[in-house]
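First residue of the sequence shown? That's 1 in UniProt numbering, and the numbers climb one at a time after it.
To be clear, the hints were calculated from the coordinates, so they are not data collected in a lab.
Beta carbons are placed, not taken as given, at the ideal position from N, Cα and C, and that holds for glycine.
Each hint should be verified, as a subset may be incorrect.
[What the hints assert, rightly or not] Below are the EDC-like pairs computed for lysine to aspartate or glutamate, each with C-alpha atoms no more than 20 Å apart in a straight line:
id, residue 1, residue 2
1, LYS221, ASP37
2, LYS295, ASP318
3, LYS313, GLU301
4, LYS313, ASP343
5, LYS221, ASP33
6, LYS216, ASP294
7, LYS293, GLU222
8, LYS216, GLU301
9, LYS216, ASP343
[To be verified] Quick list of the computed label-pair ranges, beta carbon to beta carbon:
id, residue 1, residue 2, range
10, SER218, ASN300, 41 to 51 Å
11, TYR338, TRP276, 16 to 26 Å
12, LYS320, GLU38, 21 to 31 Å
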Amino acid sequence: MESTYNNLQTMKLESSEGYLSNLFKGSKVYEYDTRIDEYNWYALFFIQLAFYFVLQAFARKFAPPPGDIKVFKEKKKMNDYHFYYFQYTTFVHAMLGCIAGNYFILVLLHIDPLILYYGGYRYDQPNHLYHMILMVHSFAYFTYDSIIEIYYGTDDFLTNSHHVVVLLASFTHVINRYGGFEYIGNSIKFFLNTHLVLHLTAEISNPFLILRTVLKISGMKETTLYAVNDVIFATTFLFLRMIVTPCILVYMLEGHNILVADKVGTAFILFIQLFWCYRIIYLILEKIRESSKDKSGTYNEPQLVKVLFSIFKSLCYDRKALILISITQFVLIIAIPYYFYQDSIFNNY
């Protein structure tokens, strides 16, 4: 029965006809890891969920405060106060994702980091036990993160939208035989030839975002550490979210057995995170503009910076521009790919 199942999967892989299929198709088809069925994943989910709530309680009890809570209340900046403590749990999740992701993918699974050179990324593969461990961990963290932000009232529309997409995608992966490779290991493969996937695409810039948030809330914006970290954060975030993620989306759409949750989830996450990218670019241009100001207060920035600053300011604050860019992104990220891949996009639920 198992051999029949594997033969069917092999036939499905061979029938994939995407124009990038030869680049992505692996030279070896793995079998489903039956050890997955031996674990109580519901129990592991709730244990890890409880772990993050306990960790947050410890952070609030023992971590040095960002300042006097009365001052935060008077300035109506309690969101900053809560965000400061959120960073401790977020940092643990980010580091676990990066370290465990690398360890599982490169060491335990014995996947060559130069896999593209040796025959292409192995997509369309059934899950491995280590994929499941990381996926359940991620699902537990984002469940915690959604609850804690709603509880303290620090959530907003973009954050909630992001959480809904990630939670739905995570749950879909946990209950399916496929999706582990895509969820845990493809993110930077196009450029670094390593397997650090969707999970790591999100997590690689997070330590710098966390440090940036802590330094900002603690009143250390004028320090050298903040300036250096700001550059690293902006570079990694923009590179991964604006360049790598669109490549991942194409990769997802090319896969024959890749879950619909991967395809739709990646598209919507890209749609949302591009607005964060516009905001970061706007802040960068604002700093360049401020540095060009002379003693009289006149801006002397280059014409290109002036034009770009105006464009990205509109993308961040002008309602008409936001509507226009939203429609454009929807067409490019969702409508056109759906039309092009409509025969295969819903192959695997």
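Next item on the list: With 21 to 31 Å as the target window, see if LYS320 and GLU38 comply at their CB atoms.
Entry: For GLU38 against LYS320, whose Cβ atoms are near 56 Å apart, the range 21 to 31 Å is violated.
Margin query: Please verify whether LYS295 and ASP318 have alpha carbons no more than 20 Å apart.
Written below: violated (30 Å)
Notebook entry, point to check: Is it true that the CA of LYS216 sits at most 20 Å from the CA of ASP343?
Noted result: Judged against 20 Å, a Cα distance of about 48 Å means the pair is violated.
Next item on the list: Could you tell me whether the CB distance from TYR338 to TRP276 stays inside 16 to 26 Å?
Entry: holds (24 Å)
Note to self: Hinted pair, alpha-carbon criterion (20 Å max): LYS216, GLU301. Please report holds or violated.
What the structure shows: Given that 20 Å is the threshold and the Cα spacing comes to 26 Å, the pair is violated.
Checklist line | Given hint GLU301 paired with LYS313 - CA-CA distance at most 20 Å | finding: Roughly 15 Å separates the two Cα atoms, so the pair holds.
Check: Is the straight-line distance between the alpha-carbon of LYS221 and that of ASP33 20 Å or less?
Finding: violated (48 Å)
Notebook entry, point to check: CA of LYS221 to CA of ASP37, is that 20 Å or under?
Noted result: violated (49 Å)
Item checked: LYS293 paired with GLU222 [C-alpha distance capped at 20 Å] -> Satisfied, since the Cα-Cα distance of roughly 18 Å is no more than 20 Å.
Checklist line | Supplied distance hint 41 to 51 Å, evaluated on CB atoms of SER218 and ASN300 | finding: violated (33 Å)
Next item on the list: For the pair we were handed, LYS313 and ASP343, check the Cα-Cα distance against 20 Å.
Entry: violated (39 Å)
Check: Are LYS216 and ASP294 close enough, with their CA atoms no more than 20 Å apart?
Finding: violated (26 Å)
Of the numbered hints listed earlier, those contradicted by the structure are 1, 2, 4, 5, 6, 8, 9, 10, 12.
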